[in-house]
Amino acid sequence: QQPVQSPQAVILREGEDAVINCSSSKALYSVHWYRQKHGEAPVFLMILLKGGEQKGHDKISASFNEKKQQSSLYLTASQLSYSGTYFCGTDNSGNTPLVFGKGTRLSVIA
Amino acid sequence: SAVISQKPSRDICQRGTSLTIQCQVDSQVTMMFWYRQQPGQSLTLIATANQGSEATYESGFVIDKFPISRPNLTFSTLTVSNLSPEDSSIYLCSVRQGASYGYTFGSGTRLTVV
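Chain order of the listed sequences is A and B. Quick note: to get my numbering, add 49 to the position in the first sequence (first position is 1). Quick note: to get my numbering, add 845 to the position in the second sequence (first position is 1).
Chain B on its own, in the form it takes in the complex (with noise of 0.2 Å):
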């Protein structure tokens, strides 16, 4: 399976600034996923993101908020823009590499927006 690098690991940030996350892939894969899991909850899918073309974003998410770059098959970047501290989570990157696979999942980041 596909081995993903999620950086940063953490970040505490101020409001009203940004911050962006990056994955990288050892392999090429179509489909990559940003989830947003907030403590103790479930995961929730904040957008696709295909190489090639713009994300699609979940009902809730929006793109002026949750920016995210696809330049090839093997990265992606998140940011989360104009923090709050709502925007305060873990957010995960993930692939699959057919649809007869499992997710891999990014090791997250956590961010703390003070």
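Isolated chain A, as found in the complex (with noise of 0.2 Å):
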């Protein structure tokens, strides 16, 4: 089952914050985030295992509430790099694989 993200796109301005959220109907094993920019495969930024637990590098970081089932990505003192579309994946056993929310657009302007 496709997890939910939101927002479905977000602009900023340079060294602004922005939170992206996930949340699945089904109990999750872990949840992943990736970044994809334009005409490039997505990139792995993180994983988070149920357990409820924080992680985070750089500017980047993300937590995992299992009980809700519900993810969150924080971007801080975003950066014009950090532009491209966010999707989380999610995994319901460790064994199987990821579905992929509908994606964020995030635009960082200067």
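Treat each hint with caution, since some may be false.
[Said to hold, decoys possible] Only some residues are given here: those of chain B computed to face chain A with a beta carbon under 7 Å:
| id | residue |
| --- | --- |
| 1 | 883 |
| 2 | 888 |
| 3 | 890 |
| 4 | 942 |
| 5 | 953 |
[Said to hold, decoys possible] Pair by pair, the computed Cβ-Cβ distance ranges are:
| id | chain 1 | residue 1 | chain 2 | residue 2 | range |
| --- | --- | --- | --- | --- | --- |
| 6 | B | 853 | A | 56 | 16 to 26 Å |
| 7 | A | 78 | B | 897 | 38 to 48 Å |
| 8 | A | 76 | B | 943 | 19 to 29 Å |
[What the hints assert, rightly or not] In the DSS-like style, the derived pairs of lysine-lysine whose C-alpha atoms are separated by at most 30 Å in a straight line are:
| id | chain 1 | residue 1 | chain 2 | residue 2 |
| --- | --- | --- | --- | --- |
| 9 | A | 108 | A | 151 |
| 10 | A | 86 | A | 151 |
| 11 | A | 151 | A | 99 |
| 12 | A | 117 | B | 852 |
| 13 | B | 852 | A | 86 |
| 14 | B | 910 | A | 151 |
| 15 | A | 75 | A | 116 |
| 16 | A | 116 | A | 151 |
| 17 | A | 75 | A | 86 |
These are calculated hints, taken from the structure and not from any lab test. Nothing here was measured: the structure is a model prediction, and the numbers come from that model. In this text, a Cβ means the ideal position worked out from N, Cα and C, and glycines have one as well.
Both chains are given apart, each in its own frame, so use the hints to dock them into the complex.
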């Protein structure tokens, strides 16, 4: 079942923050986050495993609420390089292939 | 993480013909996946290809239309058969090296059917 992402699109000025949400109606083993720039393949950002953790590197971090089957991706002090489409992918068991959300188009402007 | 070489990067094909896409991985991986992505859309799983067994297809995708080969742990092919304009899309292979790892994607094949 496809996870639901919100918002569909967001425009930021450099230095602003954004939150992208991903929710599922089914129990999750893990949530993945990817960024895809135009004309390129998706690039893995991070994985969050069940257990309710938070991860981050640089100014991009994410949380996973296992009970609510929700994950959020936090982008702080956005840079122009953050522009792209962000996809969450969900995995129900650790052995099933990822199902991706519809994506959130993020545009960072100067 | 694994590095994937996907070929061809793009092709224009006539209706009724077939296109075979190849993915070569620089390390052995058990699980390999084939996705389709329409421009501006999400990624839709076509099938999971495991070495030594038949591919597992998702609803709406059938083996006659999308035959998959997985002869070893580093290589797979996806053939899109009897092409129609509706098959125009980007096709991506991906691998996962374990349940705690993210997916690595090939660079994609942009197929246009005329």
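Problem - Violating hint indices (sorted, rising) - result: 1, 4, 6, 7, 12
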